[in-house]
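From first to last, the protein sequence lines stand for chains D and L.
In terms of UniProt numbering, the first sequence is residues 1 to 217.
In terms of UniProt numbering, the second sequence is residues 1 to 217.
In case anyone wonders, no lab produced these hints; they're calculated from the structure.
There may be inaccurate statements among the hints.
Identical copies go unnamed one by one, so any copy, or any two together, can satisfy a pair.
[Stated by the list, open to error] Taking lysine-lysine pairs in the BS3-like style, the calculated list, with each CA pair at most 25 Å apart, reads:
#	residue 1	residue 2
1	Lys111	Lys99
2	Lys99	Lys40
3	Lys29	Lys79
4	Lys26	Lys79
Here the structure is a predicted model, which is why all the values come from computation and not from measurement.
There are 2 protein chains.
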Amino acid sequence: MADEVKLYAVGGSPFVCRVKIALNLKGIKYENFEEDLDNKSADLLKYNPVHKKIPVLVHNGKSISESLVIVEYVDDVWKGVPILPQDPYEKAVARFWAKFIDDKFIPAIFKVFTSNGDEQAITEACEQLQILENELANKGSKFFGGDNINLVDITADFLAYWLGTIEEATEITLVSKDKYPKITEWADNFVNCQVVKEILPPREHLLAFFKKRFGKA
Amino acid sequence: MADEVKLYAVGGSPFVCRVKIALNLKGIKYENFEEDLDNKSADLLKYNPVHKKIPVLVHNGKSISESLVIVEYVDDVWKGVPILPQDPYEKAVARFWAKFIDDKFIPAIFKVFTSNGDEQAITEACEQLQILENELANKGSKFFGGDNINLVDITADFLAYWLGTIEEATEITLVSKDKYPKITEWADNFVNCQVVKEILPPREHLLAFFKKRFGKA
């Protein structure tokens with residue numbers, strides 16, 4: 001029996017795109033169910049009763065929520081191009097950075113825009129950006145994953161693609177090539193990966209969304 | 001060459017105890033370095049420069065931070081009693097609940113005590129408790145992990161042992177046997193597991209700490 005793979009999604013979400021990149025890397029075909037977050041489907045509420053949030057992956061009738069949990073599941077179930085390193089220590093390091101991005105980095109960046117560019121928030125966001133800049137410099141590789149993208153790159157999709165559109169929408173700039181050369185280069189490499197490029201939402205849609213969200217439309 | 005395993009720790013931390021339980025389950029001997037959080041050691045700052053927090057595991061000179069990342073690493077490196085399920089779906093479910101406990105449950109519980117029993121905070125904490133109560137009822141097993149403890153039980157050590165002492169210190173009660181019979185039974189089973197009991201910090205130390213922390217000492 002062929003696998004039945006369904007994804008409950010919102011195309012503009014960086015968390016959803018993590019899962020789409022993972023599925024794309026593995027060459028998995030899936031049915032996409034686009035959700036309206038103002039009117040969530042009965043399926044979404046059934047499959048993710050705890051958080052009621054996208055993304056949800058349903059594989060042969062069994063549901064999994066939380067983007068990083070899904071990405072690890074995809075890597076566990078479908079072999080081929082690996083998403084996590086095989087070595088236990090390298091795997092732990094990748095999980096550490098993925099967690100850092102979710103728990104520290106993204107909230108710090110968002111605070112800049114929700115506070116309309118509060119100085120303290122900018123200082124803190126720049127500290128987090130510098131940590132990632134240093135990590136890329138220390139690795140000295142094209143991606144956080146080395147020569148190829150891995151869990152950390154996928155988790156950082158927000159930094160590579162979404163952040164620039166929020167910057168444009170709000171006219172608050174955090175990342176410049178001068179200040180964060182490694183991040184800038186990495187972001188360019190990441191969005192130009194075929195498996196990433198294929199699934200990124202149109203930039204103009206995100207721009208319109210964030211202009212509305214941050215009161216500039 | 002024998003493995004060199006060091007743990008930078010504070011005995012009273014539920015996050016540290018997760019790692020200690022994992023190491024104990026695997027029968028791993030390690031050297032414990034007790035940290036003074038008001039005067040962190042140079043080693044701690046060196047091994048966890050990003051967060052500067054305990055616990056940190058150093059295995060043959062390589063450091064790993066973040067309690068759940070460490071627990072997964074311990075499970076990856078040392079075979080024997082498994083901490084995560086082997087089945088990819090069950091593994092994803094365990095990771096989902098571990099993440100729920102860290103991201104939603106513990107912050108909701110803490111808010112009750114830092115707000116000195118704010119009604120809204122209590123309502124929200126009880127919602128989270130009910131979710132875990134329902135999960136235990138649905139599973140119908142002794143532990144979140146089934147017949148034996150797994151990643152979820154270990155992650156929930158705070159609920160099993162620490163919460164009761166904070167309740168006593170603050171005189172605010174959230175968990176009663178009447179309201180959450182499954183959680184109460186689970187907590188009793190969990191703290192009586194040999195591998196858990198051996199490493200739990202003395203109750204009176206926690207009680208004194210939380211009385212001081214929440215201004216009742």
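Status of each hint after checking the structure:
no., hint, verdict
1, Lys111 - Lys99, "both (18 Å within a copy, 22 Å between copies)"
2, Lys99 - Lys40, "between (27 Å within a copy, 23 Å between copies)"
3, Lys29 - Lys79, "within (14 Å within a copy, 34 Å between copies)"
4, Lys26 - Lys79, "within (7 Å within a copy, 28 Å between copies)"
Figure legend: structure checked against the earlier numbered hints; every hint is met.
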